[in-house]
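**Student:** Protein sequence lines correspond, in order, to chains A and B.
One point on numbering: in my numbering, the residue at position 94 of the first sequence is 94, and numbering is uninterrupted.
One point on numbering: in my numbering, the residue at position 96 of the second sequence is 96, and numbering is uninterrupted.
I should point out that these hints are in silico values taken from the structure, not numbers from a laboratory.
Hints may contain errors.
Quick list of in silico lysine to any residue cross-link-like pairs, SDA-like style, CA-CA up to 20 Å [what the hints assert, rightly or not]:
1) Lys70/B <-> Glu12/B
2) Lys160/A <-> Glu12/B
3) Lys25/B <-> Asp43/A
One side of the interface only, derived from the structure: several residues of chain B facing chain A at Cβ under 10 Å [what the hints assert, rightly or not]:
4) Met53
5) Ser95
6) Pro96
7) Gly98
8) Asn169
9) Ile192
10) Thr238
Which bits of chain A does chain B cover? Going by a derived footprint, with three or more residues having C-beta under 8 Å, they are [claimed, not checked]:
11) 40 to 53
12) 64 to 77
13) 107 to 118
14) 121 to 133
Using N, Cα and C, we set each Cβ at its ideal position, and we do this for glycine too.
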Amino acid sequence: MNLVIFSGPPSSGKTSIILKTIDSMKKRDIKAGVVKFDCLSTDDDILYEKAGIPVKKGLSGALCPDHYFASNIEEVVQWGVKSGLDLLVTESAGLCNRCSPYIREIKGVCVIDNLSGINTPKKIGPMLKAADIVVITKGDIVSQAEREVFSSRVNSVNPKATIMHINGLTGQGAYELSTLLYDEDSQLETVQGMELRYPMPSALCSYCLGETRIGEAYQMGNVRKIELGDDYA
Amino acid sequence: MHRKTKLGKLIESYPFVMGWMIENKLDPEGKENMDLEEILDEFSPEEIENLAMDKAGLMEGLEVFVEQMKSFLGIKEETSVRTLTILPGRDKSGSPEGFDELTIKASEIVSIVGPTGSGKSRLLADIEWTAQSDTPTGRSILINGELPDRKWRFSSNNKLVAQLSQNMNFVMDLTVIEFLQLHAESRMVVDIEGTIYRIIQAANSLAGEKFDPETPVTALSGGQSRALMIADTAILSTSPIVLIDEIENAGIDRRKALDLLVSEDKIVLMATHDPTLALIADKRIIIKNGGIASIIETSEEEKSILVELEKMDSFIQSMRTNLRQGEVLKTINN
Numbered sequence: 001m002n003l004v005i006f007s008g009p010p011s012s013g014k015t016s017i018i019l020k021t022i023d024s025m026k027k028r029d030i031k032a033g034v035v036k037f038d039c040l041s042t043d044d045d046i047l048y049e050k051a052g053i054p055v056k057k058g059l060s061g062a063l064c065p066d067h068y069f070a071s072n073i074e075e076v077v078q079w080g081v082k083s084g085l086d087l088l089v090t091e092s093a094g095l096c097n098r099c100s101p102y103i104r105e106i107k108g109v110c111v112i113d114n115l116s117g118i119n120t121p122k123k124i125g126p127m128l129k130a131a132d133i134v135v136i137t138k139g140d141i142v143s144q145a146e147r148e149v150f151s152s153r154v155n156s157v158n159p160k161a162t163i164m165h166i167n168g169l170t171g172q173g174a175y176e177l178s179t180l181l182y183d184e185d186s187q188l189e190t191v192q193g194m195e196l197r198y199p200m201p202s203a204l205c206s207y208c209l210g211e212t213r214i215g216e217a218y219q220m221g222n223v224r225k226i227e228l229g230d231d232y233a
Numbered sequence: 001m002h003r004k005t006k007l008g009k010l011i012e013s014y015p016f017v018m019g020w021m022i023e024n025k026l027d028p029e030g031k032e033n034m035d036l037e038e039i040l041d042e043f044s045p046e047e048i049e050n051l052a053m054d055k056a057g058l059m060e061g062l063e064v065f066v067e068q069m070k071s072f073l074g075i076k077e078e079t080s081v082r083t084l085t086i087l088p089g090r091d092k093s094g095s096p097e098g099f100d101e102l103t104i105k106a107s108e109i110v111s112i113v114g115p116t117g118s119g120k121s122r123l124l125a126d127i128e129w130t131a132q133s134d135t136p137t138g139r140s141i142l143i144n145g146e147l148p149d150r151k152w153r154f155s156s157n158n159k160l161v162a163q164l165s166q167n168m169n170f171v172m173d174l175t176v177i178e179f180l181q182l183h184a185e186s187r188m189v190v191d192i193e194g195t196i197y198r199i200i201q202a203a204n205s206l207a208g209e210k211f212d213p214e215t216p217v218t219a220l221s222g223g224q225s226r227a228l229m230i231a232d233t234a235i236l237s238t239s240p241i242v243l244i245d246e247i248e249n250a251g252i253d254r255r256k257a258l259d260l261l262v263s264e265d266k267i268v269l270m271a272t273h274d275p276t277l278a279l280i281a282d283k284r285i286i287i288k289n290g291g292i293a294s295i296i297e298t299s300e301e302e303k304s305i306l307v308e309l310e311k312m313d314s315f316i317q318s319m320r321t322n323l324r325q326g327e328v329l330k331t332i333n334n
């Protein structure tokens, strides 16, 4: 089985890109399945089901979604192997734009859109910088110039990545992406023991444990204060 | 090994490294006498964690980035795409396409016609990807009569194709000047001021109403936006092929727009159902059922129809101008 990890900010077009990409694989008899990770709720599984794609969803609820991803990816891989998939795609929203659930040796794809503004590449952390492939969407609604500036900025924060422009509505470019995602020779059985490309933020403070009250007296553990300068008395 | 070169020297030889530093949140100020390794070593482990910084990735990134930019600047001069050739594949039912070979030369315009969903996007994608019988249509693309360099597929700076789609907008919060400056910088243009001036002039000659260079791009009218996008693509984009998805009617001189693109030695492919535009092209590609059904050369008769159509067009344009200037329209006597 092949495994590909998709991530990207909310509403950047991940689901559309995955749907179009898998659609163009069906003609090549590649059996693909999707596991969708989200925080509170998602209806994307219905979209995948409608398209006849085997799908599971995982909601992290009160946990950090990326930590949840890392704790569950091995089980998800086992589901894919048992279901006889040729390709397993995981989809997760990088919710604070910092983390990346990418794993070394496993293809990582980041989906971002042209509408998010030209300073976005600078703001996104390892989710963008550690990706192997960066897919830029919504190019059909911004000017050619903005598209060029945006992709050159992406290129300067991640020069090693393959940058592709894909139209999630018409699917232009999705076939091309599909050729980069599936490798017949790759026979993945487990991700046990593999490593994340970048550590997740460490956080363990009283609020992680359910504290709701505000004030110094209630703050324990990994707490950091904002620097407000001298005018703060 | 650029990571071992002092920053001051590096920026002197490769000014674009400055932008790279800023995009990667490494303040270059006062670090002229340090190399990248030394600069990165200044960050404490805590800062590195806070900034989600990847030292090894950055060092490798700088090497890759400088090499990419060097080849991008080098390619600029010899990038000329003189011809684009499409070799036939199959339509959706698997039947062979209805042409032998289509070669389009620089400064030529070819229009594409066919109902929605007939396969125009697929054709554009085949060209963008320089297909080698490896896409669903089985088409192949040749550049200058030869198998294309794979750089066209993957380079983010050297895209083969610039695309102007129907519903494009400006979303950046910048004035026209700032916007063009930003674009020119990302294209590594030497004479930025002169280039900006040329683009504004060209855009203003296309738009019905001239705009002030200090106008925010988001405040331009539909016609002015399109004019600016076309002028900018013609003059600033390095992509030798321009794909146009229907230039909208309002507020822009479409004939002049095409002339501008063609005069910059671009190959223009234009999806349209507008007879005036379709007939301006020397040839048109007919798409049916996912394949190219035929290629029609614009005949003498059609060219004479074009003259009539252009008359009607300019008549409508002049009415529009009159309206805008507050005049009362009069019936035509002929």
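**Student:** For each hint, tell me whether it holds in the structure or not.
**Tutor:** Each hint, compared with the structure:
1. Lys70/B <-> Glu12/B: Satisfied, since the Cα-Cα distance of roughly 14 Å is no more than 20 Å.
2. Lys160/A <-> Glu12/B: 24 Å, violated
3. Lys25/B <-> Asp43/A: The hint is violated at about 37 Å.
4. Met53: 9 Å, holds
5. Ser95: 17 Å, violated
6. Pro96: Result: violated, 18 Å to nearest chain A Cβ.
7. Gly98: 23 Å, violated
8. Asn169: Holds: closest Cβ of chain A sits about 6 Å from asparagine 169/B, inside 10 Å.
9. Ile192: 14 Å, violated
10. Thr238: Check passed: Cβ of threonine 238/B comes within 9 Å of chain A, closer than 10 Å.
11. 40 to 53: Not satisfied, violated; 0 residues make the cut.
12. 64 to 77: violated (count 0)
13. 107 to 118: holds (count 4)
14. 121 to 133: holds (count 6)
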